[in-house]
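Chains A and B supply the protein sequences, listed in that same order.
Mapped onto my numbering, the consecutive letters of the first sequence carry residue numbers 1 to 313.
Mapped onto my numbering, the consecutive letters of the second sequence carry residue numbers 1 to 249.
Source of the hints: derived by calculation from the structure; they are not laboratory data.
All C-beta atoms in this analysis are idealised placements derived from N, C-alpha and C, irrespective of residue type, glycine included.
Just to be clear, a hint being listed does not mean it is correct.
Cβ pair distances, simulated, as ranges [to be verified]:
| id | chain 1 | residue 1 | chain 2 | residue 2 | range |
| --- | --- | --- | --- | --- | --- |
| 1 | A | Asp152 | B | Glu89 | 38 to 46 Å |
| 2 | A | Ala41 | B | Asn240 | 47 to 55 Å |
| 3 | B | Arg219 | A | Ala13 | 35 to 43 Å |
| 4 | A | Glu252 | B | Lys52 | 43 to 51 Å |
| 5 | B | Thr217 | A | Phe178 | 35 to 43 Å |
| 6 | B | Glu57 | A | Ser186 | 38 to 46 Å |
| 7 | B | Ala246 | A | Glu304 | 12 to 20 Å |
| 8 | A | Ser54 | B | Glu200 | 50 to 58 Å |
| 9 | B | Pro223 | A | Asp281 | 19 to 27 Å |
Here is what each chain is made of, one letter per residue.
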Amino acid sequence: MTVLVLLDHADGAVSQASRSAVAAAGRLGEVHGLVAGDGVAAVAEAAARIQGLSRVLVADAEAFAHSLPEPLAALLQSLSGAYDHVLAPATATGKNVLPRLAALLDVQPVSEVVAIEGPDTFVRPIYAGSALATVRSGDAKKLLTIRAAAFDPAPAEGGTATVEAATLPADLPAPARFVSAELSRSERPDLSSARVVVSGGRGMGSGENFSLLAPIADSLGAAIGASRAAVDAGYVPNDYQVGQTGKIVAPELYLAVGISGAIQHLAGMKDSKIIVAVNKDAEAPIFAVADYGLVGDLFTVLPELQAELNKTA
Amino acid sequence: MKLLVPVKRVIDYNVKPRVKADNSGVETAGVKMSMNPFDEIAVEEAVRLKEKGVATEIVVVSVGAAQAADTLRTAMAMGADRAILVQAEEAPEPLAVAKILRALVEREQPRLVLMGKQAIDDDMNATGQMLAGLLGWGQGTFASKIEAGGDALSVTREVDGGLETISLVLPAIVTVDLRLNEPRYASLPNIMKARKKPLETIAAAGLGVDVAPRLQTLRVVEPPERKAGIRVGSVAELVNKLRDEARVI
Ligand SMILES: Cc1cc2nc3c(=O)[nH]c(=O)nc-3n(C[C@H](O)[C@H](O)[C@H](O)COP(=O)(O)OP(=O)(O)OC[C@H]3O[C@@H](n4cnc5c(N)ncnc54)[C@H](O)[C@@H]3O)c2cc1C
Ligand SMILES: Nc1ncnc2c1ncn2[C@@H]1O[C@H](COP(=O)(O)O)[C@@H](O)[C@H]1O
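In isolation and in its complexed conformation, chain A is listed as follows (with noise of 0.2 Å):
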């Protein structure tokens, strides 16, 4: 069996959510993957070092510039003949090509895949991962979403693929046009990815106030994220958001400060490895998954944090 894993990149590097889908594509069969943009040839190279891949096509032409699904959709349609399984990851990219794909090949796809069981066996959470669901697909084709989360990524290096230039269809629609992009640009590492997350939620107050959290990041190399409340009340984008409809998280360490714990909050971080919620309510959800609760006002607990953190360092 082959699959082929859709790889996300930006600013010239494959995503690590992407690297992640090659892991869970591993356990189906041989992996290649597909590089597709404008002038993405070191993309291309790069991603022939990813572990675990044996081939790389590359689809090189403006269509591709953005990502944009509807050429995306129609390029992997026409790819996907030589494959049982056509993966991506449940990245932004991911979520908006794989279903229309599913659409042109007559599939039902599988979105947020966290297990796979066998070659038509996937598990997937459901109701904001208030409960697992195990289903097994019937179509010919299996196409999935991988929750990048729920996989190790496969190393960046080591592996030797070969590149070759993928056939592009004749026909590619283009019924939208890129217009511009306003992208957080941060020193931080990337929420998704980061061994460490320190999130405010409404209790924060302000934006301003979000600059209490900055310093504790910045010990802990942590990244920045938030609560839908947060993000809704302008005080960081809309990139911040962990959760239900934001991003999923499992840092090794999530402190989440000021955010009562909503199940669709939960959604997002529930599979960290240690979470440590600061909080003034006693009785505040969050405290029920949290492994350490401190119940305190934040704008005290936040100094005194900074400081304890300055005496270990």
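Got chain A; can you put chain B with the ligands on it based on the hints?
For chain B with the ligands alone, kept in the frame of chain A given last:
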């Protein structure tokens, strides 16, 4: 322009779902049901487009059991003009829903289908993209801002790195994200008025769509519970625990 807005009836987002004892699924009997929160946002956006004079008619559609009529009434109380209930035993999978919606698009000829990005029960995040694929239309998913102008639609999307804006040729599919708007509550007079708005019921089979599931659910289980942790009395104690006991810093 005419808008089609698919809405799904799901377990209310405030209810903690419980897995059935026989592990066949999640208990829905006797549980509070509501409109999928993302679909409320889609209905709200449609109503605002109508208030702005961009939309002329809003048709809401739900695929599911007879009780989905309540959800459609709610949508009409918010401002939708008429409703179609496609009756099916249980809500079918996204592929079948997308095929049913395609049949309705062919019949109703909307210029824009506005829908939720995700149903909070199956969490598939697939139906809009699939409908766009079936129709060969452009798609603007995870929308946090929509601007209509002439034959194109500007859609700002929430993506992993921040925001992205695309321009879509109409007709098109847009799936909405949480920050697009804040849905209104239906007023009592509008709830009364909605009772008189037209609601058509059709059988899924009548649309010639095969709704047989492709995925067989083998079992549904509760995720492993986290072990209850401890309360620490001070920041110093917390840092000690993280360093010496958990060894994560
Ligand atoms: C369809 C849907 C999807 C959703 N998706 C997500 C999602 O992806 N992610 C997400 O996070 N939410 C999501 N939500 C929202 C979720 O239901 C909650 O509303 C949200 O998580 C609450 O955020 P919060 O905990 O920051 O705010 P609140 O619930 O208001 O909690 C604030 C907390 O801060 C504490 N606090 C206040 N002041 C202080 C202080 N000085 N010191 C210490 N503690 C203090 C309070 O005690 C309280 O516990 C979703 C909701 C819906 C309906
Ligand atoms: N049974 C249904 N009836 C009406 N609309 C639906 C149905 N199922 C899904 N949808 C629409 O498709 C969106 C995404 O659902 P899903 O792909 O299941 O996560 C929802 O927000 C609805 O707008």
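Status of each hint after checking the structure:
1. A/Asp152 x B/Glu89: 38 to 46 Å: holds (40 Å)
2. A/Ala41 x B/Asn240: 47 to 55 Å: holds (51 Å)
3. B/Arg219 x A/Ala13: 35 to 43 Å: holds (38 Å)
4. A/Glu252 x B/Lys52: 43 to 51 Å: holds (49 Å)
5. B/Thr217 x A/Phe178: 35 to 43 Å: Holds, since B/Thr217 and A/Phe178 (Cβ atoms, about 38 Å apart) stay within the stated range.
6. B/Glu57 x A/Ser186: 38 to 46 Å: holds (45 Å)
7. B/Ala246 x A/Glu304: 12 to 20 Å: Given a distance of about 19 Å, which is inside 12 to 20 Å, the answer is holds.
8. A/Ser54 x B/Glu200: 50 to 58 Å: holds (54 Å)
9. B/Pro223 x A/Asp281: 19 to 27 Å: With Cβ atoms ~25 Å apart, the hint holds.
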